[in-house]
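Starting from the known structure of chain A, fit chain P onto it as the hints suggest.
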Amino acid sequence: MPIHDQTYRRYAGKRDQTGQAWMVIALNGIRTIIAKRLFIGLLLMAWIPFVVAAVSIYLNASFPQFTLLSITAQRFRDFLDTQGVFVFFITVWVGAGLVANDKRANALQIYLSKPLSRTEYIVGKLVILVAFLLLVTWVPAILLLVLQVAFSGSFSFVRQNLYLFPAVTIFAFLQVMLAAFTVLALSSLSKSSRYVAILYAGAYWFSHAVFGLIYAITGSTRLSWLSLPGNLNQVGDIIFRLQARYSTPAAVSFLAVAVIIALSIWVLERRVRGVEVVS
Amino acid sequence: MAELDPSPVVALESVSVAYGKNAALRDVTAAFSEGATGLLGPNGAGKSTLLKALLGFLVPSSGRMKVLGLDVATSAVGIRSRIGYMPETDGHIPGMNAVSFVGYCGQLAGLPASDAMQRAHEVLYYVGLGEARYRNVETYSTGMKQRIKLAQALVHDPDLLFLDEPTNGMDPKGRDEMLELVRDLAHEKHIHLILSSHLLPDVEYTCDRVVVLDKGGVVAQGPIDALKGTRRQVFELRIKGDRHAFAGALANAGFECHETDEDVMRVFVAAEEGARALFAIADRERVQVRHLRPSVPTLEDVFAKAVGEK
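Quick mapping for you: the protein sequence lines, in order, are chains A and P. Using our numbering, the first residue of the first sequence is number 110, and each one after it goes up by one. Using our numbering, the first residue of the second sequence is number 79, and each one after it goes up by one.
Because the hints were derived from the structure by calculation, they are not lab data.
Quick look at which bits of chain P chain A covers, simulated, 3 or more residues with Cβ under 8 Å:
(1) 130–140
(2) 165–171
(3) 178–188
(4) 194–208
Backbone N, C-alpha and C fix where the C-beta goes; we use that ideal spot for every residue, glycine too.
Bound conformation, chain A alone (with noise of 0.2 Å):
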């Protein structure tokens, strides 16, 4: 006889209200990210620019003289590009298999089948992507402002640029959700996470290619907005005030990301679901 037999309870304990549970899944998704040696690694390497800004930053307020490094608006433009390297791997790494994977083992049916939407279960997916991607772009970048401040021991530099938070915060954050969405969409197409990597490695560079082949022929850069890179190349310009480095209209560029983001969107929407019905 055992002494304590295993048995069924009933529990009586309290339950949380629905609605939280996509921060279940964002929560469950970061842990076992961070849980990889080689991720964490790959974090580091995004944050080295960081440094060398910083350090610059550091040298300019205690060196004056060296006018080659005077911060500028366009340092934190170019910051963000430089961190456009790292926001490709991380993409690509995290979101290639967020949904790819729970599809491949069948987890959908678990996940709709428990008390949260379908709206829930792709924000939670998204949070995963968009936590690190913001670690690597925003917060390195809001923290160079604050260190400006900080080592240069005035506000004014943030008072002469005063559009630069809003800036700063407004491309990152379209950086950021253009691949999260980009990579969730073309994650939820497939059930192998390499075969996702692939596809969007491709559509990144792909698209960039073509472009970059219709300028070599044509001479004229009017057709950025078929390159994914170059959209947010020249929505970053515009954003930063700076001379945008293609001739395409503005609108088309912001368009062209909202056209994305909207596709994805509807691709989830379509390809989310508790059951797969092939018609």
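Just chain P, lined up with the frame of chain A:
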């Protein structure tokens, strides 16, 4: 449209579901009472579709559904907080061991993290995976995967369980244990459940009531004992002669007759009539009765009659 009767745990009224142009459920009206109800039907009858529609995965083209008194069309999330679903196909969260997986499911269902983890341990012991709870779910055998699917459906202590083919792929011992668990949940733990299966013995062992589906429609429903028709006698017959003519003569005389494997005919006669009537028809049709044995009505007879098998 009239109000649905709120007393059954699940009620469907004229529900139709289609996959593109293919109708999977046609005008289904059914009521699942408290306790254990079997959802019977051959493959493709629409059993899994019905469960998925009740979960809100599929939107019916017409009709209304209520689960635990809540309308599926407007309260799907609220309903899902009170039900547990054990899907037919294998499903798990990638990269997790059993206790993390079940605990995670508990949290998704609204349990605080510490309670979810405690429940996960308890439920895994209950389903017989206590010793294997720290193993990655991906390394589990088919039988263990069935058990963990039951565990994740139970972790948040649902009021109603949907079990879709819970004994699929299990060895005989595992199957018996799973059926014991299902029976225990329904009869000792008082959790209402709907057991979808095409295995008649599974349903007969665990359920009190049954809803039989065929080609997307309900062909029989009610308490198993009532459907079996215990006021009737059944005789198993083996004959020598023209079987078709004899079966036709039995039908003309008002006797229900099912043919089974191994040339055995199961013939239903009213309680007041005996085997004498069968001998009389055999004599008239000039067939020899080689074997006659009294039997009892089974769920198989109910099923065969409902789906129109001869």
